[in-house]
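Enquirer: Sequence:
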Amino acid sequence: MPELRSWVATHGADRMDRALVAAFPDLSRARVQALIAEGRVQIEGEPVKSSDRPRFGVTVTVEVPDALPAVPIAQDLPLPILYQDEDLLVVVKPAGMVVHPAPGHHDGTLVNALLHHATGLSGIGGVARPGIVHRLDVGTSGVMVVAKHDTVHRALTEQFTVHSVERRYFAVVHRVPLVDRGTFRSELARDPDDRLRIASVERGGRRAVTHWEMKAKADRIALVECRLETGRTHQVRVHLSEAGHPIVGDRTYNRRNCIPTANLRERVEALDHPMLHAWLLAFDHPGTGERVRFVAPPPEDFIALCEAAGLVIPTVV
Numbered sequence: 066m067p068e069l070r071s072w073v074a075t076h077g078a079d080r081m082d083r084a085l086v087a088a089f090p091d092l093s094r095a096r097v098q099a100l101i102a103e104g105r106v107q108i109e110g111e112p113v114k115s116s117d118r119p120r121f122g123v124t125v126t127v128e129v130p131d132a133l134p135a136v137p138i139a140q141d142l143p144l145p146i147l148y149q150d151e152d153l154l155v156v157v158k159p160a161g162m163v164v165h166p167a168p169g170h171h172d173g174t175l176v177n178a179l180l181h182h183a184t185g186l187s188g189i190g191g192v193a194r195p196g197i198v199h200r201l202d203v204g205t206s207g208v209m210v211v212a213k214h215d216t217v218h219r220a221l222t223e224q225f226t227v228h229s230v231e232r233r234y235f236a237v238v239h240r241v242p243l244v245d246r247g248t249f250r251s252e253l254a255r256d257p258d259d260r261l262r263i264a265s266v267e268r269g270g271r272r273a274v275t276h277w278e279m280k281a282k283a284d285r286i287a288l289v290e291c292r293l294e295t296g297r298t299h300q301v302r303v304h305l306s307e308a309g310h311p312i313v314g315d316r317t318y319n320r321r322n323c324i325p326t327a328n329l330r331e332r333v334e335a336l337d338h339p340m341l342h343a344w345l346l347a348f349d350h351p352g353t354g355e356r357v358r359f360v361a362p363p364p365e366d367f368i369a370l371c372e373a374a375g376l377v378i379p380t381v382v
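Residue 66 is where the sequence shown starts when you use this note's numbering, and the numbers rise one by one after that.
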């Protein structure tokens, strides 16, 4: 169980991260900053920032999660495998599955499943992230490639770095776009007002480019395909939300409180993750040099929502 600590700010308190290091000597400054970034440090239920200077007398609560096991354990978890050879494997990550162990998610992750299903994984990601070359958000389903040894890991990482990997997503969004296609370009960084979110910033962020095309539309809802030129954290979710079309089921970025039609309202409110699916992944196989392409149809809840809304999903081949 996580440990809940509290500290009452004193006169002349330093910035939050430094003050908490002084209050809890067993926590390093890097550890405190990580806890703050994860939203585990709060004042009256509101997350704080490292640079905040707490007022005298306020109570700061700190949630310290359990320490992670030194080495993830292998677990026999359901994991669709599209392809596997001596160099790599390609899997379909289910929505709701965390990619690798992290505070609050010691097991039940993709890594735990891979350790059971795969014959060897690369070690570049360290013991907590063996084989992991790229990630999908916990609520996003779709195709991922995993490296079995370090040479392949480095080769795949280079392809992601130079943006030669093709990645396509389907997303069900609120509101029908006024045009059929377009491109979102921005710099992305942590939202200064909410450390759990990402936002476009004028400067100092990482370049992000998303090409999109509408595939189907109905009343107040649409199906779009997004092709990633870059692959930043929450990129598709942020770009669609900032364009006025938050992804259905995305409680983090649907701050506009978009309301679906009455016949969909109950179904949408029951969703526990964004309707976002990484349906295509294509790259050059590091072992053969051949361009390989892997696809996976959306999961059942995604298909059911589209059918209820009257959105026809393109055939995935």
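Simulated from the structure, these hints should not be mistaken for laboratory data. One or more hints might be untrue.
As the list claims (entries may be wrong) - Derived Cβ-Cβ restraints for the label pairs, each shown as a range:
1. 255 with 335: 22 to 32 Å
2. 102 with 377: 17 to 27 Å
3. 246 with 124: 50 to 60 Å
4. 216 with 83: 26 to 36 Å
Every residue, glycine too, gets a C-beta built ideally from N, C-alpha and C.
Enquirer: It remains to establish, for every hint, whether it holds in the given structure.
Expert: Structure-based check of each hint:
1. 255 with 335: 22 to 32 Å: The hint (22 to 32 Å, Cβ to Cβ) holds, given that residue 255 and residue 335 are roughly 30 Å apart.
2. 102 with 377: 17 to 27 Å: 41 Å, violated
3. 246 with 124: 50 to 60 Å: 51 Å, holds
4. 216 with 83: 26 to 36 Å: 43 Å, violated
Hint check: violations occur at hints 2 and 4; the rest are consistent with the structure.
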